[in-house]
Amino acid sequence: MALKDGRGPSIWDAFVKIPGEIANNATADVTVDEYHRYKEDVNIMKTMGFDAYRFSISWSRIFPNGTGKVNRKGVAYYNRLINYMLKIGITPYANLYHYDLPEELELQYGGLLNRKVEKAFADYADFCFRTFGDRVKNWMTFNEPRVVAALGYDDGRFAPGRCTKCKEGNSATEPYIVAHHLILSHAAAVQRYRQKYQPTQKGRIGILLDFVWYEALTNSIADQAAAQRSRDFHIGWFLHPIIYGEYPISVQEIVKERLPKFTADEVKMVKGSIDYVGVNQYTAYYVRDQQPNATTLLSYSSDWRAQFVYERRGVPIGPRANSDWLYIVPWGLYKAVTYVKEKYG
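Residue numbers for the sequence shown follow full-length UniProt numbering, beginning at 1 and rising by one.
These aren't lab readings, by the way, just hints derived from the structure by calculation. If you're wondering where the values come from, they're calculated on a predicted model, not measured in any experiment. Check each hint, because a few of them may be wrong.
[What the hints assert, rightly or not] With a cut-off of at most 25 Å between alpha-carbon atoms, the simulated DMTMM-like pairs for lysine to aspartate or glutamate come out as follows:
hint, residue 1, residue 2
1, K261, D155
2, K261, E118
3, K69, E118
4, K137, E168
5, K73, D29
6, K196, D134
7, K335, D265
8, K268, D289
9, K116, E168
10, K73, D13
11, K119, E104
12, K137, D155
13, K39, D5
14, K167, E104
15, K268, E253
16, K4, E21
17, K69, E21
18, K116, E104
19, K196, D265
20, K69, D126
Construct all of the structure, not just a fragment, from the sequences and the given hints.
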């Protein structure tokens with residue numbers, strides 16, 4: 001239950017209450033109710049033969065205002081969940097952020113648009129490492145940070161609902177600022193873990209990225225380049241700096257002065273700041289080159305200079321699922337994970 005036992009509101013609690021933003025004006029105040037039914041959920045996993053469970057810790061359930069006073073009832077809940085998982089033989093994989101910035105930080109200083117969020121997140125992560133790290137040995141800092149930056153600040157479909165065409169926002173700059181702060185927040189949390197906890201707790205820490213596989217529609221040089229640009233602007237936007245200490249060259253060349261820069265000290269902190277990477281791989285699209293024209297709105301999405309196509313010569317890329325963006329493309333999964341392995345080691 002969203003606000004049960006002292007959890008503070010997140011930006012999503014505020015966003016879903018805006019009329020028309022969510023289908024049927026649903027609020028998500030009560031959904032699957034794992035807060036009360038966690039034993040049932042974990043038992044089902046065990047029955048199905050699972051040996052691991054990735055769950056997300058809600059920042060505002062631990063720190064209702066994002067910083068400051070700890071909500072001990074929230075801590076007790078995660079202790080119950082972790083202990084029960086271990087009791088029945090399921091390994092916990094804990095993710096620290098799943099789209100849900102504490103609303104108070106959004107109100108105080110603009111949330112992820114402000115560099116202050118880096119220390120706030122690192123402090124929250126530090127508390128989790130200290131409190132749960134004796135039992136949790138697999139950590140993730142962020143779930144799908146690209147989605148946070150793109151859907152929250154480029155097209156406004158996700159909280160906090162900012163974009164050029166929205167009430168507030170700038171799709172040409174804000175996604176890149178937010179992504180930069182997310183990368184720095186990730187690296188700062190990893191630095192805390194490695195310096196203070198990893199030597200004794202013997203765990204590992206990574207990040208969880210989403211990735212659609214982009215296949216060139218034709219063998220033309222333009223379409224091949226568009227497919228690679230799409231990979232760079234999607235998974236490369238985050239993974240390239242984390243592995244190599246800089247944004248992909250294609251991103252740098254297109255975004256230019258709108259792209260924040262890492263200082264030399266930040267490069268040292270960011271580069272190599274994962275022990276492993278998780279990939280959420282959903283689907284695949286064909287891609288063809290689409291260069292901007294005089295009427296193109298400057299934005300993160302238009303910076304890709306690519307158009308998604310869902311069929312080739314009249315044949316769909318795969319069976320369409322219930323979501324309008326989702327196609328079942330098994331070969332896309334193989335190509336995506338192979339790409340990550342070969343390009344990023």
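Q) Are there hints from earlier that the structure breaks, and if so, what are their numbers? A) Of the numbered hints given earlier, those the structure breaks are 4, 7, 8, 12, 17, listed in rising order.
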